[in-house]
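Participant: Starting from the structure of chain A, add chain B where the hints point.
In the order they appear, the protein sequences are chains A and B. Residues 1 to 337, numbered by my numbering, are exactly what the first sequence covers, in order. Residues 338 to 676, numbered by my numbering, are exactly what the second sequence covers, in order.
The hints are simulated quantities; they were obtained by calculation from the structure and are not laboratory data. Treat the hints with care, as some may be off.
[To be verified] Looking from chain B toward chain A, a few residues come up when the C-beta cut is under 7 Å (computed):
| hint | residue |
| --- | --- |
| 1 | Lys411 |
| 2 | Met433 |
| 3 | Asn443 |
| 4 | Ser445 |
Just so it is clear, the structure is predicted and the values come from calculations on it, not from any experiment. Every residue, glycine too, gets a C-beta built ideally from N, C-alpha and C.
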Amino acid sequence: MNFQKMYHTIWCKLAVFVIAMGILSIAVFYVSSYAPGDPLQSFYGERVEQMSPAEHEAARQRLGLDGPVYQRYLSWLHHAVQGDFGISFKYKEPALDVIRALIGNTLLLGSISYAIVFILAIGLAVCCALHEDTWIDRAICKIGTIVFYLPAFWVGLVLILLFNVNLGWLPGSGAYDPGQSDNVLNRLEHLVLPMLVMVISHVWYYAYMIRNKLLDETRQEYVFLAKVKGFSRFYIVCTHCLRNVAPTIVSIMAVSVNHILGGTYVVEAVFSYPGIGHLSIESAKYHDYNLLMLIVLITGALVIASGLIAQAVNERIDGRMKTAEGGASWNRSHRSA
Amino acid sequence: MIKENSLEIRHLSLSFDTAAGEIEAIRDISLSLHHGEILALVGESGCGKSVLCRSVLKLLPRFARIKQGNIFVKGMDITKYTEKQMQELRGTILSMVFQNPLTTLNPSMSMGAQLREAICRRQKLSRQAADTRAAELLQLVGIDHGMQRLTLLPQAFSGGQRQRCALAIALASDPEVLLADEPTTALDVTVQMQILDLLKDVRRQTGLSIVFVTHDLGVAARLADRVGIMYAGKLVEIGTADEIFYDSRHPYTWGLLSALPSAVEQGQRLKAIEGMPPDMLCPPRGDAFADRNPYALNIDYEEAPPFFEISPTHQAATWLLDKRAPCVVPPLCCRQREL
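Next comes chain B alone, as it looks inside the complex:
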């Protein structure tokens, strides 16, 4: 290994064993997160983004099963870690923020108590020292008069403030990897932008690595260094933000980019990707996206495409990149876009 990555996932496959059968939630995903990097994972609902986050923390329902692959955190293989070992990692090296700020905080515990709990995970502090640190954290996430607000219950805060508090809790123990599971989806656009800028600030100040799950390409563009596109439990394309937004190669990425309101000229109907994601109870043979793909080749229905390397940082899984494939011109909006 040349450089130790904060987080590395190798050939991870994960299934849910349900009464109806096996659901392949994650199918052979490999990715890495460098130190101090923000990686955005983008995809439709149900494509496995959240499951991927939770599998890093190993906080999955009991019927979830890692079929193969390894997860490395700071070079340690945590795939076989026991619950006890994971508890050591959670809240110290790994941390997470969630989508819904209204339900993630304990409603009957004061904000101060919830912050102190997280702070005291790493270092034993006196009550006063912990309170001071808690107020600092609230300051960091942009909540003033933190000291006076520590005694308040979550209900005294607005949704945006609660998300900031949740972020403060996540940052309380100086984690090295933050998994952000759509932390801005439930917020209005103004607050959303503030939170994104905040995350960037925090990254600059603490050198935190962030996996940011979203289904909003605009958010990914504003925040991410690299972007991974997921579809039906697979990573279909990954590259730097520039590569994804200006030089994408996968038809699904093209579809997503064409669906952006800014990609459509005024007066025209917004574009959408036809069809529905496949039923993961019985995933189709070949490429899962083939049915909805206007550029699908015959081989897409037969065999799933491997990753083709476009540049050292940019890979995409589509047969279009095979040298035998016909030359396809991506939609205009994907070639010259301004974000």
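Okay, chain A solo, but in the shape it has when bound:
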């Protein structure tokens, strides 16, 4: 019966996923269609202005931009289901190919920043919890809050000014120097500043949340019992408290996926880092619908999936979430027997 139940749960989650994606695609399609501006401009550039109205109309037809919005959406959906997401007006290639070339850069920046942000956040939180009410905790909190409120783009510009323009230590734009795309060191060098901005602008938000959660936990009575057992505060915070806070951390991590992904968009713009964040801003600016739709859908899928994964991970960490259900089903099966 457990398999049946699991099957059921998976189907439910898939249905939620598909419905969410559908709503998302409709919303983005409509909003971008009604946004002012001429998508032809991204395809034909300057030439649009010299076109006669008839040519203009013909061009729209060729690109599939005529007809009412719902019709265009249905046709887009029809193709999308078959794996054809249309062409990018600006790059004049299939949208999928354009993204494929750049998504790696964003995922690299995003995932490394993500990992560093959370490792650092947990570390800072534990450090604060260990030194509650001492100058260490207070100093970290004050500095963290100040740093958190610095706007990311400003931090980016200051870092470029400092490390690139003045000191010349690190490159300030791009993902790699021309012709160096396979050089790992060169890529890492380009990653340092964008990553720094990502970490600076995100870490405290999460560190503070985890810190407060941990402090709540250290007030619990089981902590007292652990102290009676003779353990140090460090041991207790790291093994007992973190364990109980872990589900919260995982949930925060799931929610933060879109937050950090959104952060990469800003950072990519500041550092002209060729990633999908940069691309999405561009595609919105030039009304490159097909590209925009694809980016939004990929981002959306990532966010929804991370939520579902977090739930699964939580059930693994904290036995209570699972056994609550297991216990209930045990009762049920006994009652029916």
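Facilitator: Below, chain B without anything else, positioned relative to chain A:
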């Protein structure tokens, strides 16, 4: 020192420094706990019983301050011990069980893991050996099939079982002094009796000394060798169980004993001690109990009474025992009671 006591407290005073002022939680308490003895501390809520227990473990909030006095554990003066030194003592020589079994166990850790943690404090054992020992401990506290239950989370156990598990954890490292802070208060009467008998059994088997904090005289009578009565941060009377229950001298003890349901004849209203305990932010001059004491003398409002010795084991702090005091006859129920 003639005999080395497991625990000895000498003239301990402890205050909490709060924003409202200094709260004198413990005022000049001296007591000793012999090897293999059960001492019950009885008193109203807020009289400092729990604080006394925690001060032995030095697990007090940061604003607590030991003003004077010394605490000796097995002859060692631990008053000035650092946190690091205390960690060595906790879980090896000293151990504690708490009032609320539902919150003292880590909810996300299996019972086995929590037991193993405590077992491995004293000796490094393999996982299997530790599991075997854990199952033995559960057997000792009356939980069968311990081996199979080690993987369960605390939520799978009932309140009484959890308290037994907490006791098993406390006993895991063969402590010499167990501080039991109202371990039976949150349990129903049947389970309470089982736990008390269990504590007695364990004492017989391991020679453990126990400080048992309670506000239930019945529990103290069933369990304790000696009983200490506390009021407003002070020890007011201490003696063997017999001396306290059959020959008490302090009016507060009389009040407590008269308030027992068994002390009142059928059909009569239960007795209570009039009034409220004093506010420890500004403790009254003289005897703290004077305001509620029907036998109070004038001097009680002026000066706190010293300890008068009734027998080598029995002391009480009341001016009634001074040779100048008038002769007072204690209430009937305190002279001839059957418990």
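Participant: Quick check: which numbered hints come out false for this structure?
Facilitator: 1
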